[in-house]
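Enquirer: Top line first, the protein sequences correspond to chains A and B.
If you count the first sequence from 1, position 314 lands on 314 in this note's numbering, and the numbers rise without skipping.
If you count the second sequence from 1, position 203 lands on 203 in this note's numbering, and the numbers rise without skipping.
If you're looking for bench data, these hints aren't it; they were derived computationally from the structure.
All values reported here derive from a predicted model rather than from experimental measurement.
Any given hint could turn out to be false.
Stated by the list, open to error - Each computed DSS-like pair below joins lysine-lysine, with the alpha-carbon atoms no more than 27 Å apart: (1) B:K57 x A:K58; (2) B:K192 x A:K58; (3) B:K122 x A:K161; (4) A:K6 x B:K122; (5) A:K50 x B:K122.
Stated by the list, open to error - Facing chain B, from chain A, some residues (calculated, C-beta under 10 Å): (6) D26; (7) Q44; (8) D137; (9) K162; (10) L167; (11) G178; (12) D235; (13) L239; (14) S242.
Unchecked claim - Non-contacting residues of chain A with respect to chain B, defined by C-beta distances greater than 10 Å in every case (computed): (15) R156; (16) D217; (17) K313.
Note that CB positions come from ideal geometry on N, CA and C, so glycine has one too.
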Amino acid sequence: MNKELKNMKIKKILEKYPYAKTFLEDQQLSIDDQELTISQLYQQLTLEQKEDLGLDIKQLEASLDNYIEQMQEFIGESDDNNTVQSLTILAGKDKDEQAEKFAELKVHAGEIISIVGPTGSGKSRLLADIEWTAQADTPTERSILINGQKPDLSWRFSGGKKLVAQLSQNMNFVMDLGVEEFIRLHAASRLVKNEDEIVARVITEANFLAGEKFSADTQITSLSGGQSRALMIADTAILSRSPIILIDEIENAGIDREKALDLLVGENKIVLMATHDPILALMGDKRIVINNGGIEKIIKTKDFEKELLIKLKKVDNMLSDLRNSLRYGKELTDNPNLTS
Amino acid sequence: MNLVTFSGPPSSGKTAVILKTIDALQNRDIAVGVVKFDCLYTDDDRLYEKAGIPVKKGLSGSLCPDHYFVSNIEEVVQWGLANDLDLLITESAGLCNRCSPYIKDIKAICVIDNLSGINTPKKIGPMLKTADIVIITKGDIVSQAEREVFASRVMTVNPRAMVMHVNGLTGQGAFEFSTLLYDDELNIETVKGKQLRFSMPSAMCSYCLGETRIGEEHQLGNVRKINLGDQNE
Ligand SMILES: Nc1nc2c(ncn2[C@@H]2O[C@H](COP(=O)(O)OP(=O)(O)OP(=O)(O)O)[C@@H](O)[C@H]2O)c(=O)[nH]1
Ligand SMILES: [Mg+2]
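Please work from the sequences and hints to get the whole structure.
Expert: Given below as structure tokens:
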């Protein structure tokens with residue numbers, strides 16, 4: 001433990017590092033007598049309490065030390081110069097040891113990149129390379145730069161600081177909480193300052209994305225598929241610490257996918273989207289084609305593809321209107337836009 | 001030979017993670033073997049065997065499996081050496097959340113899963129608190145928010161650990177984790193003389209010794225009474 005902390009009374013520690021309270025509480029230590037130092041507090045514990053604590057004094061002091069260090073770093077991160085402005089992928093090799101056919105790909109905050117390729121082609125490996133900030137030390141030998149530079153190792157090892165947040169179709173809410181309580185819990189773990197405001201914003205945005213509205217006291221486990229998806233996206237956009245969001249398909253049901261992407265981009269996230277849905281794929285600025293473990297090419301979305309996207313969206317709307325009619329027991333009528 | 005101890009609540013994904021990690025180690029020509037410690041029953045040895053990994057199991061029966069672990073770890077190490085292993089992994093299920101088989105200077109990994117509830121990190125003692133690396137599994141089925149809240153709870157309870165997410169089904173994260181497991185500098189010939197990171201509980205009461213009768217007059221040794229809040233206060 002650093003000297004300063006060692007000699008500080010608990011009162012002083014809490015004044016200087018208010019979040020240390022959570023640490024002491026989670027270790028089930030009583031902080032009623034704040035005139036003690038940590039080691040004095042430890043000495044006052046009974047044998048049983050020491051046993052329950054599960055740490056000896058050295059371990060306890062070292063833990064608190066590390067906790068404060070990580071939290072300080074965490075708080076410092078909100079400064080603008082610490083944000084991730086760009087991500088660069090430097091080419092490696094595919095499964096046959098052939099060099100990938102690009103030199104580097106730089107992605108900026110607020111961009112959407114689609115990832116396409118058959119199952120097993122290496123999409124997960126690419127994602128893992130990014131998440132691990134690979135330095136030619138993974139099977140693909142790719143390297144990752146952040147803001148044009150070799151990334152700090154803490155991206156790899158720190159529990160709270162992860163480069164990539166993930167959203168996939170299989171993910172569910174499992175906690176037994178209401179929407180607001182749940183978002184509040186997430187906000188608290190992020191130490192956000194204007195908690196009320198942020199929590200309200202997440203819920204508003206989620207409702208804006210969801211086909212069917214829901215209230216702040218709905219249990220998260222009873223949300224529909226579309227509503228869950230909407231809440232997960234709004235929460236990740238606004239509250240996740242990770243600058244990169246990986247989306248593994250978004251089913252086109254009960255959620256406005258375009259608004260969802262707009263929200264993520266508006267929050268300056270880098271959005272990577274693994275999809276085989278042409279509408280989603282064309283919403284990306286570029287798409288990465290993966291094959292045989294390597295990046296085969298990078299295609300910038302063409303103007304004619306953007307025009308096609310507009311038509312596809314029309315077809316999509318038509319289909320979803322039909323689905324709605326079906327759901328509400330109506331008869332389905334012919335549509336003049338459909339040619340046979 | 002390197003020794004690495006894995007521990008974690010039952011069904012948290014220890015075997016799944018170890019198998020995927022050994023997979024990832026294969027290209028590095030490292031001979032790995034596993035010894036599984038459990039209480040009454042385990043099938044894990046068959047899973048390891050099926051993957052072609054040398055394996056032994058030890059069932060503690062009526063004893064605490066972690067106590068049983070300490071009493072047998074030296075023999076296990078000698079088994080690993082005799083089999084020319086480069087890396088010996090022990091897997092123990094933490095049953096009462098109280099003991100932990102971690103040894104000073106021997107890499108200690110705790111595996112816990114996202115489904116176990118956000119208060120679980122607080123409930124697990126030295127097994128989580130004194131681990132060097134905490135692996136969180138089953139992230140594929142819960143939301144990003146729950147993963148983040150869970151990881152932050154783990155961090156509060158053990159701020160010194162490296163926290164990593166590994167998916168026991170797909171193996172996502174296993175390669176990265178595998179790079180941290182083996183170290184040429186950390187070879188051992190024995191664990192004799194080494195120490196546990198944290199003492200096992202001092203509990204030795206009449207029931208540990210086979211007492212079955214209920215009632216104050218049968219309670220001897222280290223007995224703790226529940227505080228129900230009235231006359232005891
Ligand atoms: N969805 C999902 N399931 C997982 C994951 N990891 C493990 N599992 C499943 O969880 C169950 C328990 O995993 P095990 O690896 O046997 O757990 P364990 O900790 O070794 O269990 P014991 O040794 O019996 O205490 C198995 O059915 C695994 O397939 C994961 O990351 N995601
Ligand atoms: Mg197992």
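Enquirer: Would the hint linking B:K57 and A:K58 be met if the CA-CA limit is 27 Å?
Expert: violated, 34 Å
Enquirer: Under 10 Å is the threshold here; is the Cβ of A:D235 close enough to any Cβ of chain B for the hint to stand?
Expert: With a minimum Cβ separation of about 5 Å from chain B (threshold 10 Å), the hint on A:D235 holds.
Enquirer: Restraint: A:G178 near chain B, CB-CB cut 10 Å. Satisfied or not?
Expert: With Cβ-Cβ at 14 Å, over 10 Å, it is violated.
Enquirer: Quick one, are A:K50 and B:K122 close enough, alpha carbons at most 27 Å?
Expert: holds, 15 Å
Enquirer: Under 10 Å, Cβ to Cβ, is where A:S242 needs to be relative to chain B, so tell me if that hint holds or is violated.
Expert: This interface hint holds because 8 Å falls under the 10 Å limit.
Enquirer: Sort out whether A:K58 lies within 27 Å of B:K192, counting only the CA atoms.
Expert: holds, 23 Å
Enquirer: Closest CB-CB distance from A:D217 to chain B, is it above 10 Å?
Expert: holds, 17 Å
Enquirer: Can we trust that A:K313 is non-interface, i.e. its beta-carbon lies farther than 10 Å from all of chain B?
Expert: holds, 27 Å
Enquirer: Do the alpha carbons of B:K122 and A:K161 lie within 27 Å of each other, as the hint requires?
Expert: With Cα atoms ~20 Å apart, B:K122 and A:K161 stay inside 27 Å; holds.
Enquirer: Against chain B, is A:L167 within 10 Å by beta-carbon distance?
Expert: holds, 6 Å
Enquirer: Regarding the pair A:K6 and B:K122, is the alpha-carbon distance no greater than 27 Å?
Expert: holds, 24 Å
Enquirer: Against chain B, run the beta carbon of A:Q44 and see if the smallest gap drops under 10 Å.
Expert: Violated, about 18 Å.
Checked against the numbered hints above, the structure violates hints 1, 7, 11 and 15; every other hint is satisfied.
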